[in-house]
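Visitor: Each chain is listed here by its residues.
There are 4 protein chains.
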Amino acid sequence: MAGSSFGNIFRVTTWGESHGPALGVVVDGCPAGLTLQEEDIQRYLDRRRPGQSKITTARSEADQVEILSGIFEGRTTGTPISLLVRNTSQISRDYSEIASCYRPGHADYSYDQKYGFRDYRGGGRSSGRETIGRVAAGAIACKILGQLGIEVCAYTRSIGPISIDPSRFEAAAISETRTAMPDRDADTQAVAYLEEAIKRLDSVGGVMECRATGVPAGIGDPVFRKLDALLAQAVMSIGAVKAVEIGDGTTVTTRYGSENNDNFCIKQGQVAKTTNHAGGILGGISDGSDILIRAHVKPTPSIYASQQTVDQSGQEISLQIKGRHDPIIVPRAVVVLECMTAITLLDALLSNLCCRMDSLEAFYRKPELLRK
Amino acid sequence: MAGSSFGNIFRVTTWGESHGPALGVVVDGCPAGLTLQEEDIQRYLDRRRPGQSKITTARSEADQVEILSGIFEGRTTGTPISLLVRNTSQISRDYSEIASCYRPGHADYSYDQKYGFRDYRGGGRSSGRETIGRVAAGAIACKILGQLGIEVCAYTRSIGPISIDPSRFEAAAISETRTAMPDRDADTQAVAYLEEAIKRLDSVGGVMECRATGVPAGIGDPVFRKLDALLAQAVMSIGAVKAVEIGDGTTVTTRYGSENNDNFCIKQGQVAKTTNHAGGILGGISDGSDILIRAHVKPTPSIYASQQTVDQSGQEISLQIKGRHDPIIVPRAVVVLECMTAITLLDALLSNLCCRMDSLEAFYRKPELLRK
Amino acid sequence: MAGSSFGNIFRVTTWGESHGPALGVVVDGCPAGLTLQEEDIQRYLDRRRPGQSKITTARSEADQVEILSGIFEGRTTGTPISLLVRNTSQISRDYSEIASCYRPGHADYSYDQKYGFRDYRGGGRSSGRETIGRVAAGAIACKILGQLGIEVCAYTRSIGPISIDPSRFEAAAISETRTAMPDRDADTQAVAYLEEAIKRLDSVGGVMECRATGVPAGIGDPVFRKLDALLAQAVMSIGAVKAVEIGDGTTVTTRYGSENNDNFCIKQGQVAKTTNHAGGILGGISDGSDILIRAHVKPTPSIYASQQTVDQSGQEISLQIKGRHDPIIVPRAVVVLECMTAITLLDALLSNLCCRMDSLEAFYRKPELLRK
Amino acid sequence: MAGSSFGNIFRVTTWGESHGPALGVVVDGCPAGLTLQEEDIQRYLDRRRPGQSKITTARSEADQVEILSGIFEGRTTGTPISLLVRNTSQISRDYSEIASCYRPGHADYSYDQKYGFRDYRGGGRSSGRETIGRVAAGAIACKILGQLGIEVCAYTRSIGPISIDPSRFEAAAISETRTAMPDRDADTQAVAYLEEAIKRLDSVGGVMECRATGVPAGIGDPVFRKLDALLAQAVMSIGAVKAVEIGDGTTVTTRYGSENNDNFCIKQGQVAKTTNHAGGILGGISDGSDILIRAHVKPTPSIYASQQTVDQSGQEISLQIKGRHDPIIVPRAVVVLECMTAITLLDALLSNLCCRMDSLEAFYRKPELLRK
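Protein chains in written order, with the working numbering: chain L, 4 to 375; chain H, 4 to 375; chain F, 4 to 375; chain U, 4 to 375.
Hints listed in this document are in silico derivations from the structure and should not be mistaken for laboratory results. Model, not experiment: these values are computed from the prediction. Cβ atoms here follow ideal geometry from the backbone N, Cα and C, with glycine treated the same way. Fair warning: there could be bad hints in the mix.
[As the list claims (entries may be wrong)] Pair ranges (Cβ atoms, derived): (1) D168/L with D168/H: 32 to 40 angstroms; (2) C156/U with P164/F: 27 to 35 angstroms; (3) D361/F with D293/U: 48 to 56 angstroms; (4) R374/U with D168/H: 40 to 48 angstroms; (5) R374/L with S170/F: 33 to 41 angstroms; (6) T254/F with A174/U: 28 to 36 angstroms.
[To be verified] Quick list of in silico lysine to aspartate or glutamate cross-link-like pairs, DMTMM-like style, CA-CA up to 20 angstroms: (7) K270/L with D314/H; (8) K146/F with E364/L; (9) K369/L with D361/F; (10) K146/L with D43/L; (11) K369/L with E364/F; (12) K202/L with E262/H; (13) K270/F with D115/U.
In isolation and in its complexed conformation, chain L is listed as follows (with noise of 0.2 angstroms):
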């Protein structure tokens, strides 16, 4: 079945191998008339790029993006945009010790089970690499977003049990710092717990955090496609993610209903919340107060202590696996959070020009109102 595409309006399918001769996306149903260059997605990409730190993959690839069409005279035509990006560092060597075998915490023996074979080769489709298709897509979802007054900012909340003080949040510190966290001392424990875990040859887990602001309320929809729905389907799709939180998330289920409840009031003439327990979604549409989304990343399955496992022909063996590793997922990953929860929030906003009459009679009936 295929499960490569996300989205309905703005509609995302992702191609690629992590070995393969290149990865990429078409992104159909993108708005016509959007200013969009290389550049604007470039961005994007490099944050998530391997080989910039010691506490990243060795792996260099520099990943860059080709716009192959749906752009004319620098604007978006509203036909799809495909976009394209080489695997350079691929290294061609012996690969038939995890050919064989299926390494723990990997999707290894799942996909055999599925398909009868795998593409072993760095883990094929189930690799990491498969996000650059995301955080392509995702880099002209936010565009379109921030140029609608929107902003959404991911960051690490937490790597093992070192977590940011939200007292101390500090934007730019996202992106200097190596953990993509948000507080300096915070990630200077970090890069140390980490260190400790490489030594160990062994992987950590941690939190990632989501925040949309500027999202007007009335976005999502009834049932199925609510937005907190839509969103929990989008991050739990990043690879290693385990659980995701809305709001106060897992902290709702041991207070009263008087505390949870977020009151209303009014703000500068505005409906507004007293607090937002609820993460800005009330029965799946925005309320209009951020949107707040958290994802817990596992600890990368691949690691360099021997581990136990089993091989095709169904011998117990021990296996060490060598390869480029990262030791933390969470850091290069936020950007992808921050792509998925765009893209989501893009194809909801997109939805709901359609909702009601009054906006369809004067769509049709007063065009020049919404014509440049």
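Starting from the known structure of chain L, fit chains H, F and U onto it as the hints suggest.
Guide: The following block gives chains H, F and U in isolation, referenced to the frame of chain L:
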């Protein structure tokens, strides 16, 4: 946008409001030849029926299901199954109070912002009664899964601070306790906790959990239709759910990779895992272990205590909600979690038939192998 | 696979069989705020109702529609609209004859091959009564289009060899003639032709045509969702249709390009075309001219004359069909064509709101422009 | 709206413009384990390649395909297959003339109305080069169908007034004649007719036909996803097609039911039909006979003769189109028809695996039956 459908092959479309004439569901794509009668569905609806104990709403609805199509001589025909439940206990009272104000924690404000107005009677489409269609469809999915040797079982894991003790897990207790807890001691404590909350005119939250056993390895699709991603959408789309976990969920973030990876081993000649931190899904595809999912549910937003809010004219007001409400959502939502899990699994199982050339060739070259 | 849904934003899901308890439709994605009552829908259902003259089946059904959801205080709420029509005139007779044999021209054999068995009563899901759901949904689409200044009008163009004379086109005659022909002379001849066929225990075919006026230029999408491609699917999906034409259709193949191209010109200060061979669609997108579509309908496969066929045990047999059948499908199918055209156009019009950055920005930057 | 995808399980997403850097397609949902290499695809692309004779455009493109993903060790992995064709012969000339005016019969005006502007170079996305992606994907579908014993074959049936004589049908001639006619006499006449049209600076239309043999009975779905309805969408979506017929198509309307019904009989112990007026589809589901579909194609809208039209400033002007154009679309579009038919059939065949409980149970109870 059409948000009331879920599933690609086994597609469920629900409809109906809390105080409209009826609610229901159309199940399209159900395989032909399944023995099905109203009792199969009624049994599940009865588990979510209100009015069954003092810890649920006083609204009493028989919730009798009627099959309107798709069945011939006791078997499904492969064409859409339409299921209908009439509302009978809508109390015809004065709704003017909530008609003009925004209840904290509810979808009133966000619906108004989206649609320009709303059906305020009992919450309209955002009511918990919306789940009748999900449960009716899920009953069919559960029956099919059962015939494939797959059991899906959901229960209450905690209510407020009171959790079950897994070592005392007793399946029979799920249907016999008022809390749907598989632990009678925890149930006793939880009921006391709930009664205290009711006295305080307040409400409480909790955690529900669902386990699917017998799911073969290889189910689910890479990237956006990962099995855990679709489960996350399915479960987060249940009203009041604020967090979703797969397997060990949030706890993985403080582990090392060497602790969190499940080693593969051979058990009774089959590939198995020594642990199941992953919750039965690796790379978005089932690995043959039990699938485990948890949903964190907020306290019922409707409480009898007075709350501060605003009305449609922009005035801050004090609101005291009347009507009939559950002091906790969890016990009646457990069957909804079970049903959404079953629908998601069945859809993925059906998709999976199409993913290999050898299956496709066998099916068309030797159809007699597959036909009774 | 779920084949009972149509449309992406305005999504229609039909259900029901000829001799089941009821038939119906769920319309999801209807814009909020449309004034709608049962009479709006009943008016369209009455046009396809059987038992109205001697050239239609003797089965008499009131086909009274009931609205079960999605309307509050006389307006659509934006949530799914569920519409129900009870079957009342199923004659409880012995179906054993057609139960065990394959009627020529019918879906009996192909359904058996697909599903392993079938609901043979009155054709089950493949009955013409399946169109009740289409017409009920189409009535809503027509009402919305009407409020946008778009009129959709279908009629009978020919019955057997008897065609209307376009120079005598009289719109009032469509609803007043038994044939739904907009030409009373052609109607008289066609009725005589039909009566002759009835005497011979035979049936006849015909052509129906649909014109949509007022469709703005720019509706439809490139490539696979071209407006004419979606219209072709919509119309070919009506039972018994064997060919679909847009504009001048089949006649274009013997023309030169210089004859077939429609020249652009300026009329009343607007871009227009001097001719409309294209039927209002260029490159899959509306050009502002009338949209014209034709459907070629085969003779009713149920005839009273004896036919050669086979039974389920593989014996060749002679079959004489009993029951109540229309000697021609066209007059009652005209409203189905109109409704399918309207649903397709409306879905494309809704999609179109999302295709430009300037509309998107205006919508979110100045929502007051679009809100009553 | 995303209009560049087709198919539900075997999902094809095309992208690219006439004068952009490249065109391509992503094929998601292709079953794993198919042997596939670039030659399999190139063979089909070569059939639509321009510059092959004096009756096709002078634009010469190698149209070399590159496989970028989804293949490992010569076999499909079940993950998306990305195919790329670079544009190499875009002539960099002055497009200012057509940039500012609306060519008759082309999509210039409708695109401008939809998107606010357009990529006017060579027609942009509305160019016939868009079909490269369809053909590349269709080559894969054809290969799979071939392995199931299904052959799909399209050819030219008529050019202007010159039709093939079915009694002289010679399959080899399809690839050997310049017209793709399976009748060398008709080809000779048609070439003469075409040369005359070229001299007159004009263009001509024609009819193409496609036959699928070996399709088992039972393929397709009721109501909106009828096999003929999806074929109609698929075929009408090919640029310049103005009518689609199934089986005897338009001719059925003047027949009596007794003439048009295909009687069932027993041939070699199997259910068969004595005739095939229905074109292999009854009730939207295949009946085991050959599937026959015809597409009526308008004359190429680009002609060298002078035409009247308007420009973007609203002036009526006289236009003489330059550039390189086919005087007829049909011979190069035949392979597109074949490919769209194959994609539609394959998607329906895949869907069909999921429609019966007995198949589902066999698949999961005895997977070894279906696995090599």
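Visitor: Taking the hints in turn, state whether each one holds.
Guide: Checked hints:
1. D168/L with D168/H: 32 to 40 angstroms: Given about 35 angstroms between the Cβ atoms, the range holds.
2. C156/U with P164/F: 27 to 35 angstroms: Since C156/U and P164/F have Cβ atoms about 34 angstroms apart, the given range 27 to 35 angstroms holds.
3. D361/F with D293/U: 48 to 56 angstroms: holds, 50 angstroms
4. R374/U with D168/H: 40 to 48 angstroms: holds, 42 angstroms
5. R374/L with S170/F: 33 to 41 angstroms: holds, 40 angstroms
6. T254/F with A174/U: 28 to 36 angstroms: holds, 29 angstroms
7. K270/L with D314/H: Distance ~14 angstroms between K270/L and D314/H Cα, so the pair holds.
8. K146/F with E364/L: Measuring from Cα to Cα gives roughly 12 angstroms; hence the hint holds.
9. K369/L with D361/F: holds, 14 angstroms
10. K146/L with D43/L: holds, 8 angstroms
11. K369/L with E364/F: Roughly 16 angstroms separates the two Cα atoms, so the pair holds.
12. K202/L with E262/H: It holds: about 16 angstroms lies between the C-alpha atoms, which stays within 20 angstroms.
13. K270/F with D115/U: holds, 18 angstroms
When held up to the earlier numbered hints, the structure conflicts with none and fits them all.
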